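Go ahead and model the full structure; you've got the sequences and the hints to work with.
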Amino acid sequence: MRFFFYGLLADRDVLELVLGRPVTDWPPPRAKLPGYRLARLRGETFPVLVPASGSHVPGIVVDDLSKADVDRILFFESVEYAPTPVTVILEEGDRPLGAQAFLPTARGSLDDTPWRLEDWQARHKPAALEEAALWMALYGHLGAAEADRLWDEAVARGRSIADMVAEITARRSRTRR
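Under numbering that gives the first Met the number 0, the letters of the sequence shown match residues 0 to 176, in that order.
Hints listed in this document are in silico derivations from the structure and should not be mistaken for laboratory results. Note that the structure is predicted; figures quoted are calculated from it, not measured. Heads up, the beta-carbon is just placed ideally off N, CA and C, and yes, glycines get one too. Accuracy of the hints is not assured; some may be wrong.
As the list claims (entries may be wrong) - Have a look at the derived ranges for each label pair, beta carbon to beta carbon:
hint, residue 1, residue 2, range
1, His123, Pro84, 24 to 32 Å
2, Thr86, Ala155, 36 to 44 Å
3, Arg94, Arg170, 48 to 56 Å
4, Arg156, Pro84, 35 to 43 Å
Here is the structure:
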(Lines of atoms letter the chains of each structure in order from A; the text may use other names.)
(Lines give C-alpha, C1' and ligand atoms only; values in the text may rest on other atoms or scores of the structure.)
Protein backbone atom coordinates (compact mmCIF):
# COMPACT_ATOMS: atom_id res chain seq x y z
CA MET A 0 0.00 0.00 0.00
CA ARG A 1 1.28 3.45 -0.91
CA PHE A 2 0.68 6.43 1.36
CA PHE A 3 0.99 10.17 0.96
CA PHE A 4 2.02 11.67 4.30
CA TYR A 5 1.68 15.42 4.81
CA GLY A 6 1.60 15.85 8.59
CA LEU A 7 3.28 14.21 11.54
CA LEU A 8 4.08 11.02 9.61
CA ALA A 9 6.14 13.12 7.18
CA ASP A 10 8.60 13.52 10.07
CA ARG A 11 11.12 10.66 10.11
CA ASP A 12 11.24 10.34 13.90
CA VAL A 13 7.45 10.10 14.18
CA LEU A 14 7.26 7.60 11.32
CA GLU A 15 9.95 5.41 12.91
CA LEU A 16 8.19 5.54 16.27
CA VAL A 17 4.86 4.57 14.70
CA LEU A 18 6.41 1.76 12.63
CA GLY A 19 8.45 0.53 15.58
CA ARG A 20 11.53 0.24 13.38
CA PRO A 21 14.10 2.38 11.59
CA VAL A 22 13.20 3.82 8.20
CA THR A 23 16.11 3.09 5.88
CA ASP A 24 15.12 4.82 2.64
CA TRP A 25 15.06 8.48 3.62
CA PRO A 26 14.15 10.92 2.29
CA PRO A 27 11.29 9.31 0.38
CA PRO A 28 9.98 10.83 -2.85
CA ARG A 29 8.42 14.27 -2.41
CA ALA A 30 5.00 14.95 -3.88
CA LYS A 31 2.12 17.38 -3.70
CA LEU A 32 -1.60 16.81 -3.35
CA PRO A 33 -3.54 19.25 -5.55
CA GLY A 34 -6.90 20.66 -4.52
CA TYR A 35 -6.20 20.83 -0.78
CA ARG A 36 -4.58 23.04 1.82
CA LEU A 37 -3.39 22.26 5.34
CA ALA A 38 -5.22 23.68 8.33
CA ARG A 39 -5.03 23.09 12.03
CA LEU A 40 -7.99 22.17 14.18
CA ARG A 41 -8.49 24.74 16.91
CA GLY A 42 -6.68 23.61 20.05
CA GLU A 43 -4.62 20.94 18.27
CA THR A 44 -1.09 20.86 16.88
CA PHE A 45 -1.67 18.45 14.00
CA PRO A 46 -2.98 19.27 10.51
CA VAL A 47 -6.03 18.29 8.52
CA LEU A 48 -6.57 18.40 4.79
CA VAL A 49 -9.17 20.93 3.69
CA PRO A 50 -10.42 21.10 0.09
CA ALA A 51 -9.08 24.26 -1.57
CA SER A 52 -9.24 24.86 -5.29
CA GLY A 53 -5.95 26.08 -6.73
CA SER A 54 -3.92 25.00 -3.70
CA HIS A 55 -1.71 22.01 -3.05
CA VAL A 56 -0.22 20.27 -0.01
CA PRO A 57 3.43 19.16 0.04
CA GLY A 58 4.31 15.77 1.46
CA ILE A 59 6.09 12.48 0.93
CA VAL A 60 5.19 9.17 -0.70
CA VAL A 61 5.94 6.00 1.26
CA ASP A 62 5.37 2.50 -0.05
CA ASP A 63 6.90 -0.96 0.30
CA LEU A 64 5.31 -1.21 3.73
CA SER A 65 4.61 -4.55 5.38
CA LYS A 66 1.16 -5.52 6.64
CA ALA A 67 2.45 -4.91 10.19
CA ASP A 68 3.61 -1.41 9.15
CA VAL A 69 0.19 -0.61 7.69
CA ASP A 70 -1.57 -1.96 10.79
CA ARG A 71 0.56 0.28 13.02
CA ILE A 72 -0.08 3.32 10.80
CA LEU A 73 -3.82 2.64 10.86
CA PHE A 74 -3.74 2.33 14.67
CA PHE A 75 -1.95 5.68 14.89
CA GLU A 76 -4.25 7.52 12.48
CA SER A 77 -7.63 5.78 12.41
CA VAL A 78 -9.32 7.54 15.33
CA GLU A 79 -9.27 10.94 13.64
CA TYR A 80 -8.52 10.13 10.01
CA ALA A 81 -9.56 7.65 7.32
CA PRO A 82 -7.32 6.46 4.48
CA THR A 83 -8.72 7.84 1.25
CA PRO A 84 -7.52 7.26 -2.34
CA VAL A 85 -5.94 10.37 -3.85
CA THR A 86 -3.75 11.26 -6.81
CA VAL A 87 -0.55 13.08 -5.95
CA ILE A 88 2.01 14.64 -8.27
CA LEU A 89 5.59 13.48 -7.76
CA GLU A 90 8.09 16.35 -7.66
CA GLU A 91 10.57 14.35 -9.70
CA GLY A 92 9.15 13.96 -13.18
CA ASP A 93 5.94 15.84 -12.36
CA ARG A 94 3.92 12.66 -12.84
CA PRO A 95 0.66 11.58 -11.16
CA LEU A 96 0.65 8.68 -8.73
CA GLY A 97 -2.16 7.01 -6.80
CA ALA A 98 -1.80 6.83 -3.02
CA GLN A 99 -3.79 6.79 0.21
CA ALA A 100 -3.95 10.00 2.23
CA PHE A 101 -5.48 10.35 5.67
CA LEU A 102 -8.46 12.70 5.55
CA PRO A 103 -10.18 13.85 8.74
CA THR A 104 -13.21 11.83 9.84
CA ALA A 105 -14.78 14.74 11.71
CA ARG A 106 -14.79 18.44 11.12
CA GLY A 107 -13.93 20.75 13.93
CA SER A 108 -13.38 24.45 14.11
CA LEU A 109 -10.32 25.38 12.07
CA ASP A 110 -7.57 27.61 13.32
CA ASP A 111 -6.61 30.37 10.87
CA THR A 112 -2.92 29.64 11.38
CA PRO A 113 -1.44 27.79 8.40
CA TRP A 114 0.20 24.47 9.33
CA ARG A 115 3.77 23.82 8.22
CA LEU A 116 5.82 20.75 9.14
CA GLU A 117 8.91 22.84 9.89
CA ASP A 118 6.99 25.03 12.35
CA TRP A 119 5.48 21.96 14.05
CA GLN A 120 8.94 20.36 14.35
CA ALA A 121 10.36 23.50 15.98
CA ARG A 122 7.48 24.05 18.43
CA HIS A 123 5.65 20.80 19.12
CA LYS A 124 7.73 17.79 18.08
CA PRO A 125 9.25 16.79 21.47
CA ALA A 126 5.87 16.71 23.24
CA ALA A 127 4.23 15.00 20.25
CA LEU A 128 6.90 12.28 20.24
CA GLU A 129 6.23 11.59 23.93
CA GLU A 130 2.49 11.41 23.32
CA ALA A 131 2.93 9.23 20.22
CA ALA A 132 5.17 6.83 22.17
CA LEU A 133 2.47 6.45 24.83
CA TRP A 134 -0.21 5.94 22.18
CA MET A 135 1.83 3.35 20.28
CA ALA A 136 2.56 1.50 23.55
CA LEU A 137 -1.16 0.61 23.46
CA TYR A 138 -0.82 -1.00 20.03
CA GLY A 139 -1.39 -4.73 20.30
CA HIS A 140 -3.12 -4.32 23.66
CA LEU A 141 -6.22 -2.36 22.61
CA GLY A 142 -8.00 -1.39 19.44
CA ALA A 143 -7.69 2.25 18.42
CA ALA A 144 -11.28 3.13 19.39
CA GLU A 145 -10.95 1.59 22.87
CA ALA A 146 -7.54 3.21 23.36
CA ASP A 147 -9.02 6.58 22.40
CA ARG A 148 -11.94 6.18 24.82
CA LEU A 149 -9.63 5.29 27.73
CA TRP A 150 -7.23 8.09 26.79
CA ASP A 151 -10.07 10.64 26.81
CA GLU A 152 -11.34 9.31 30.16
CA ALA A 153 -7.86 9.63 31.67
CA VAL A 154 -7.55 13.22 30.44
CA ALA A 155 -11.04 14.11 31.71
CA ARG A 156 -10.19 12.73 35.16
CA GLY A 157 -6.81 14.42 35.30
CA ARG A 158 -5.10 11.05 35.39
CA SER A 159 -1.57 10.57 34.10
CA ILE A 160 -1.62 9.14 30.59
CA ALA A 161 1.71 7.41 31.28
CA ASP A 162 0.23 5.68 34.35
CA MET A 163 -2.85 4.62 32.40
CA VAL A 164 -0.73 3.18 29.58
CA ALA A 165 1.57 1.34 32.02
CA GLU A 166 -1.41 -0.17 33.82
CA ILE A 167 -3.09 -1.34 30.61
CA THR A 168 0.04 -2.81 29.05
CA ALA A 169 1.00 -4.60 32.29
CA ARG A 170 -2.51 -6.01 32.71
CA ARG A 171 -2.74 -7.15 29.09
CA SER A 172 0.74 -8.69 29.22
CA ARG A 173 -0.21 -10.74 32.31
CA THR A 174 -3.39 -12.05 30.69
CA ARG A 175 -1.49 -13.20 27.58
CA ARG A 176 0.85 -15.47 29.52
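Outcome of the hint check:
1. As the Cβ distance of His123 to Pro84 is approximately 29 Å, the hint placing it in 24 to 32 Å holds.
2. In this structure, Thr86 and Ala155 meet the distance hint of 36 to 44 Å, their C-beta atoms being roughly 40 Å apart.
3. Between Arg94 and Arg170 the Cβ separation comes to about 50 Å, which falls inside the hinted range of 48 to 56 Å.
4. Range check, Arg156 to Pro84: Cβ separation about 39 Å, and the 35 to 43 Å hint holds.
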